[in-house]
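With the hints as constraints, model all of the structure from the sequences given.
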Amino acid sequence: MAGYIVRRLIQLVLVLFLITMLLFVMMKIAPGDPARLLAGVKATPEVIAVLQHNLGLDQPWPIQYIRFVSGIFNGKLRSMAFGVPIYEILLKRLPASVELGTFSLLLAIIIALPAGIVSAVWRDSVLDYSVTALSLGGISIPVFWLALMLMILFSVTLRWLPVSGRGATIGAWSFLTIDGIRHMIIPVISLAAVQTAMNARLTRSSMLEVLGEDYITTARAKGLRERTIIISHAFRNALLPVVTNLGLQAGTLIAGAVLTETTTAWPGIGRLMYEAITRRDETLVFGLTLFIAIFYLLACLAVDILYAYIDPRITYD
Amino acid sequence: MTDKTTKLLAIILTVIIPGSGHIALGRRKAGLFFMIAFFLHGAILYLAYVREELVWMAKLGKGDLFSTVAIFSILALIWLGSLVSLRKEILSMREEQQARPQSYWLMVERSFSRNKKGLVGGAILIVVLYFALFAPFFAPHSALKMNLIDTLVGPNQQHLLGTDNFGRDVLSRIIYGARIALGVGVAATLFNMVLGGVLGLLGGYFGGLVDVIVMRFLEAVNSIPFIVLAILVISVFGAGALNLVLVLGVFGLQPARIIRSKVLSIRKETYIEASRAVGANDLRIIFQHILPNSMAPLLVVTTMMIGTNIITVAGLSFLGFGIKPPTASWGGMLQQAQDYMRVSWWMAVFPGIAIFLTVFGFNILGDALRDALDPKLR
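Taken in order, these protein sequences are the chains called A and B. So the first sequence is numbered by this note's numbering: it starts at 1 and just counts up by one. So the second sequence is numbered by this note's numbering: it starts at 1 and just counts up by one.
Note that these hints are calculated values from the structure, not bench results. Check before you lean on any hint, since a few could be wrong.
Using C-beta positions, here's what the derived DEER-type ranges look like [to be verified]:
1. A/9 - B/268: 26 to 32 angstroms
2. B/73 - A/240: 48 to 54 angstroms
3. A/306 - B/166: 50 to 56 angstroms
All C-beta atoms, glycine included, are put in the ideal place defined by N, C-alpha and C.
This is how it looks when you write it as structure tokens:
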């Protein structure tokens, strides 16, 4: 197991190296100059030149690349637009994203797993058809449109919920205050909708597959209660692909909610990423993307390790 | 009337009105199908003629070449199709009906045509496709012409779905937007199906260096959320339909993974071993055995992928990294709508419904295909 983890970590470093190269080259060949953009339209060439020097943009590419990468490690890399170290911005914005991602994932799990099980157990019933139709509909909704619709209905027309933003927080967390929770409802529901639909489908098909196995027939033949068969025989084994998917989603949920966060003005990592790209804040884009990638790759690794615990048949050597 | 004259009559009838020949021969169902198709397209042609949107019949400089060519080609296809099908019917009347062989694809076809999901999905997509093909014929107003007097007017008789902040008809923009959605969505998906298919096939079959490089590249690409990656790449190469197709095509390489895993499992089958023992070379094995057998999952993934790509294109346009205004695109319309959320709900509601229905169509079609293609479920 330890050997496996070490091997995976070495691979992870390789992939990360590939990402830094890709990212850096992409940003450097992009047209336009970050300094010019930062300085504004009225800036004189001298001002731009000074800014370029201050940002290190006048150095050769390899030096800049090394500065970027080493800056990530020693925490000295500063955002070009904000002038503060990347990790400070990241830490400030992270709680909002973690909060949004966690609650939507929880909501998705709470609805999707039972829905998928029910739909598989009573296959071809009205219940199954409605779950299937709803989940097919769920994966067809663009998240940003759902957020927009909820905002128009609940915030603009009915005035029950605030339109956007994050509201009051205690520490860095808004789920601790009533106002914060009210602000969270729309983004969480929008983000959870697609996840719920996807996981419900996955749970259903995975359950169906397991319910067709011989050992389920055996369990029935032994006269076990149907509930015991479904919960402890079928569901436990059907969980494997669902856990994989949840693990992979956790990564993208925390960092990839760009559309939800920009639509609802939720100040998380996703929106930060969007702002950084539109401002051509090269260092911030670099740092953020790397952070997102590390997070995702570690989530993948965690899922693979978790496998061994859920399914004793799987061993790594 | 002798048999021969009936047949001759059927052929003449078909040349005049497709489908009528089938009915004369007693093939009611096929005949009605061709007739209805013929008259519907005739109606579209008439509509185009009345609205002066046909290139060769309208005044100079008017009309839409694409739609004109499309409507005449489809009409020609219906004619040709009905004649070919009539010939088949006549030939089959001569011989005794033989038991048809039960091939895998025939079974798929039968199981698919019995599936309601597939029919609904197909119907939705045909409507969207026709909007895209014949947008100038159907759209009640121009998609681009501004009218600064009638801005932000709610749905009424003249503008069924209201107007936007430039006084442009929302319905017309939605109809034109179908072109972008289907065009970019389908082109991008074909692109990554072909690219992903080839890479997955090569990697899965030969393994080695290609496999390692492709898999590492995929891993690197997959570890960044797709929307973030797309924004990054587009901020480098610029927005626009062609770039969207390229970005979605090159970076959305999920098909590669699916094909690869399928190829890996097929490669170990005994029939591959057998054909190699008989002396088949790699090329023959790939095209004769591996490709047909990995077609099923690829087809399902592709269908659903089109839906995903349409949502992604809309999302990118919504963020300002996709189709640039004033071109009518559903995502771009939603971006505009966001600013007028408090005053004109119709700007936000209808383009979203268009996206939802189209993607839903692809998804249920894909789901029905999966049901039909998976022998285990039959």
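Each hint, compared with the structure:
1. At about 30 angstroms, the CB distance of residue 9 of chain A to residue 268 of chain B agrees with the hint of 26 to 32 angstroms.
2. Distance hint for residue 73 of chain B and residue 240 of chain A: a CB-CB separation of about 50 angstroms, consistent with the stated range 48 to 54 angstroms.
3. Between residue 306 of chain A and residue 166 of chain B the beta carbons are some 53 angstroms apart, a value that agrees with the proposed interval 50 to 56 angstroms.
Checked against the numbered hints given earlier, the structure satisfies every one of them.
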